[in-house]
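Construct the complete structure from the given sequences, taking the supplied hints into account.
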Amino acid sequence: MRYIFKFPDIGEGLEEGKIIEWYVKKGQSIESGDALVKMETDKVVTDIPSPKSGILAVLYGGVGDTVKVGSALVEIDIPGVEGEAAVAQAKDQPEAPSQETVDEKDFAGVVGTMEIAGDGAYLPSGDEGRPAKADAPKTRKALATPVARAMAKDYGIDINEVTGTGPAGRIMKKDIEGHSKGSASVNIHVPMPKASSAERTRIEPLTQIRKTIAKNMLRSKQSTAHMSIMDEVEVSALVEGRARLNEALAEKGIRLSYLPFIIKAITLALKDHPILNAELDMENERIIYKNYYNIGIAMDTPEGLVVPIIKDADTKSLIELADAIKDLMERSQERKLTLDDLRDGTFSITSYGSIGGYFGVPVIAYPQVAIFGIGRLTEKPIVKNHEIAIGQILPISMSVDHRIVDGAEVSRFLNQVLAYLKEPLLLLAYEGGTQ
Amino acid sequence: MIDQKTLNKYDPIKNKAYQLIDDEGKPLDKTWKPRLSNAEILQAYKDLLFERTADLMAVSYQRQGRMFTYPPNIGQEAIHIAAGIVTKEQDWLVPAFRELGAWLAKGVSLKELFLYFKGNEDGSRFEKANRMLPIAVPIASQFPHAVGLGYAINYNKEKDTAVFAYVGDGGTSEGDFHEALNFAAVWNAPVIFIIQNNQFAISVPLKMQTKSINLAIKGLAYNIPSLMVDGNDFFAMHEALSYAREQAVAGKGPFLIEAKTYRTGAHTTSDDPSKYRSKEEEEHWAQKDPLKRLKGYILHSKIDELKDEEELIKGFKKHIDSEFEAAENHPEYKVEDVFGYMYAELPDELKRQKNAYENYLRGVK
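Residue numbers (our numbering), protein chains in the order written: chain A, 1139 to 1573; chain C, 272 to 636.
Simulated from the structure, these hints should not be mistaken for lab results.
Values in this document were obtained by computation on a predicted structure and should not be read as measured data.
A hint or two may mislead.
Claimed, not checked - Partial chain C-side listing against chain A, Cβ under 10 Å, derived:
id, residue
1, V330
2, S331
3, Y332
4, R334
5, Q335
6, G336
7, R337
8, F339
9, A537
10, D542
11, D543
12, S545
13, K546
14, D592
What the hints assert, rightly or not - Taking lysine-lysine and the DSS-like style, the derived pairs with C-alpha atoms no more than 25 Å apart in a straight line are:
id, chain 1, residue 1, chain 2, residue 2
15, C, K546, A, K1206
16, C, K585, A, K1190
17, A, K1181, C, K550
18, A, K1206, A, K1311
19, A, K1156, C, K550
20, A, K1190, C, K588
21, A, K1311, A, K1291
22, C, K317, C, K585
23, A, K1206, A, K1312
24, C, K546, A, K1176
25, A, K1164, A, K1190
Unchecked claim - Label-pair ranges, simulated between beta-carbon atoms:
id, chain 1, residue 1, chain 2, residue 2, range
26, A, I1158, C, G586, 30 to 36 Å
27, A, V1285, C, N286, 43 to 49 Å
28, C, L632, A, I1158, 38 to 44 Å
29, A, K1164, C, E576, 37 to 43 Å
30, C, S549, A, V1285, 33 to 39 Å
31, C, L570, A, V1285, 51 to 57 Å
Heads up, the beta-carbon is just placed ideally off N, CA and C, and yes, glycines get one too.
And the structure:
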C-alpha cells in the first residue's frame, strides 16, 4: 500500500517549510522514526521523521524548495497491505490530498491549532478505492480561520470562492490577497445570472462584497444620526485655473482632475474643524480626534462600491494626490487593493456627479462622522454684478453624524471649503502653514 | 546525609549547589555511600533511560504531525526520577508540565500523556495515578493549590503525607509563587517546593528573569528551609528530596529545593533554542548530562556493565509505540463532554453556547 506523508504543521500555525537537506533516497527502506529531511520553518529548523516503515517511493521537492503544510513530502510503500485490503482501508479513509477535503479536522488547544497532516493520507496501489473527484459537491464550506474570514470580509470577497493552498485546501492569507488581486493562481468565480426569459424572478445569492456593503450601510444608518446639507458653488476660477495648470503640466504628461483640489480644500478646512475628522466612542463616552487625514474616496468597481483611502492626504501636493487617486482607481478595478488601503479612513468623499446626479444624501462611512458628496459640474445662469451670466456651478452635499457635529459647525466647515473652491488661489495661501 | 550542618554549609546566600557526584559520576567525597541499594540505583538508571527514550519519541511523533505539541524533558530527568522514588503513594503530586519521569512513577500512563498533548482531555484522567493534580500550563498557578493540599493534610491530621509541587525558574517571578510560599510557611504546610531551574523561561535567560543571586534564596524571605541542588546529580536530588520529605512529614513544614539544571531540548516543539543560546553553552551543559553521570557512577562503582542497553531501548520503543498507537485509537473527545461536568443542569447561557456550537459543526450559520 502507498502511504502519502504530508508535511505536518509542526509549529502551531505554520504555512510552509523549506527543504534544507534530504537524508534519504528513493527506493530506500526506512523505519518509522527515521529522519527523512531537514526542514526550515518560521519557527524551527528540524528533522522530520517518518511516521511509517516501508520503502520510499517518491520524494517531493529538492533542496531549497518550499513545501506547503499539508502537501505531500514523501510517498512510502508499505509492504504487506495490498489488493482488496488496501482498497478497503482506503475506503475507510477520507480522500487523499485534495482541495475538496473540507472537514475542519484540526485539534484546537490553548496555544494554537494543528492540521493532522498524516490523517487520511492512505492510497491503495490501484485507483479502485478512490472516489472520483467529480463527485465532490460543488458547494462547499471554505476551510479558513476566523481571521481569514474576517480578512476576506474586509476585502469584500466571498471566502467560499477562494481556492485555498494551505493544508486540506485551507485558505491562507495570501490566497485571499491573491484572490483580491485576481492573480492567475486563484479561481475567480463570478456568479453568472442564470435566468430564462420564462422566469418572472431571478434568484441570485449575495456576493460577499454586497453583503459587506449592505451591512456597513445599515450599520451607519442605524448607529448614527444622519444630517445633510447641500449647497452650490460657482467655480469658474477653479475651472480656469485647472485648465491653465493642466496646460502647464501637459508636457510632463500630468493631468489633474478636480478631485485633488477638493481634497486639498477639505484637508485644509478639517484642520480648522477637527470634530469632522473625529470619531465618537460611545462605549467610553469620549471623542477621539485624529491628527491625521486619511481621506476615503468612494469608487465604483464591477463588484460594487469600495472606499480606499489616501493616507495623510494633507501632506500631499496636488500632483501627488492625483497620482494617489489614479493608483487607487487602477488597483480597485483590478481588485488589487490591500487591507491597508481600506482601513483607518478619517473622512470620505464621494463624487457621484462624475456619473450623474446633482444633489445626493451620502451615507457616512461609519465610524467616520462626515462625508462630502460632489455632484455634476453644470453650466448655469447666475447673477453677477446685477446681470445674468453663465456660471460654472458645482453642487455639493454633505452628511454628518449629528450626534457630535452641530449644524452650525458643518456650515462653517462647508463655507470654508467652498471659499477655497471659489478662489483656488487661497489653497496656495494656506498650503504648508501650521495654522 | 543532609543535616543542619549541610544546610548551613549550603546556605543559599553562599550560592553553592549541593552536589554528590562529579560530571563523570565519581563521588566527590570518597566516604559517601548512597541511601539506595545497587538494584535501586540500576532501576533508577533504567527509569531515566526510559524517560529519555519516551521523550525523544514524543518529539518525533510531534514532528511526524501526529501530536499537537510537546514540551521536552531532556536534560532534567534526574530530578524527575529521584522525585519519583521519594514520592509515596499517599503523597500529592502537583505538576507544572515538564516532570515526565515523576508522573510515570506516580502511575500516569504514556497513553494518557500522549492523549493530553494530542489535545484530548481524556489524557488528564490519570486513572492509575493516586493524588495527582492535572498538568498546569499557566505558570505557577498550581502553587497555591499545593499549599491548600498541604493545609488539608494538617487539618485532617494525615500521617506520613507530603505534597510535591513543581515550578520552573520563570514561575518564581509570578505572584502565585510568593503567595504560596508565604502561606505554606505561615501554616506550616508539608509542601516540598521543587523549582526546576532549567535556565530559561521559554527564551528569557535567568539573568533577565531575576536579580536574585539564585532561586533558593527566595525561600529564605518566608523562613522556609531552602537548598540549591545540582539538579543533574541524581544522588544529590534523591538525598535532598528524601531529607525534605522527612522534615515535612515530621511536622517541620515546607521545604524549598532549587534544582539547578539545563533544558537541553526546546521549550516546546514550537521553539528553536538555537535562536537564543550558544553552542558553547549547550556543550558546557552536555558535560553535566544526568544520564551520562548516573551511567558513569554505575560503571565506576561496578554495579553493572550496562551491556544490554540497546536491547533495553528497543524494548522501550516497542512499548512506547504501542502506547502511542493506543492514544491514536482512542475515541475523539465529544462536544457533550465539554459542557457535561460542571452543572447538574446546564444554565441557559451554556445551553445557548452548546446549541450554537452544535449548529456550527452541522454547518448551520
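Hints and how they fare:
1. V330: Holds - the Cβ of V330(C) comes within 10 Å of chain A, reaching about 9 Å at its closest.
2. S331: Since the shortest Cβ distance to chain A is 5 Å, the answer is holds.
3. Y332: Holds, about 8 Å.
4. R334: Check passed: Cβ of R334(C) comes within 5 Å of chain A, closer than 10 Å.
5. Q335: It holds, given that the least Cβ distance between Q335(C) and chain A is near 4 Å, below 10 Å.
6. G336: holds, 2 Å
7. R337: holds, 6 Å
8. F339: holds, 5 Å
9. A537: holds, 7 Å
10. D542: holds, 7 Å
11. D543: At 4 Å from the nearest chain A Cβ, D543(C) passes the 10 Å test, so the hint holds.
12. S545: Since chain A brings a Cβ to about 7 Å from S545(C), closer than 10 Å, the hint holds.
13. K546: holds, 9 Å
14. D592: Because about 8 Å separates D592(C) from the closest Cβ in chain A, which is inside the 10 Å limit, the hint holds.
15. K546(C) with K1206(A): Given pair K546(C), K1206(A) holds - Cα atoms ~23 Å apart, limit 25 Å.
16. K585(C) with K1190(A): The given pair, whose Cα atoms are some 17 Å apart, holds under the 25 Å limit.
17. K1181(A) with K550(C): Answer holds: K1181(A) to K550(C) is near 19 Å, not above 25 Å.
18. K1206(A) with K1311(A): The hint holds at about 13 Å.
19. K1156(A) with K550(C): Within the cut-off at roughly 23 Å; holds.
20. K1190(A) with K588(C): holds, 14 Å
21. K1311(A) with K1291(A): holds, 12 Å
22. K317(C) with K585(C): Cα-Cα ~13 Å, so holds.
23. K1206(A) with K1312(A): Holds, at roughly 12 Å.
24. K546(C) with K1176(A): Measuring from Cα to Cα gives roughly 17 Å; hence the hint holds.
25. K1164(A) with K1190(A): holds, 15 Å
26. I1158(A) with G586(C): 30 to 36 Å: holds, 33 Å
27. V1285(A) with N286(C): 43 to 49 Å: holds, 48 Å
28. L632(C) with I1158(A): 38 to 44 Å: The hint (38 to 44 Å, Cβ to Cβ) holds, given that L632(C) and I1158(A) are roughly 39 Å apart.
29. K1164(A) with E576(C): 37 to 43 Å: Distance hint for K1164(A), E576(C) holds at roughly 42 Å.
30. S549(C) with V1285(A): 33 to 39 Å: Since S549(C) and V1285(A) have Cβ atoms about 36 Å apart, the given range 33 to 39 Å holds.
31. L570(C) with V1285(A): 51 to 57 Å: holds, 55 Å
Violated hints are absent here; each numbered hint is respected by the structure.
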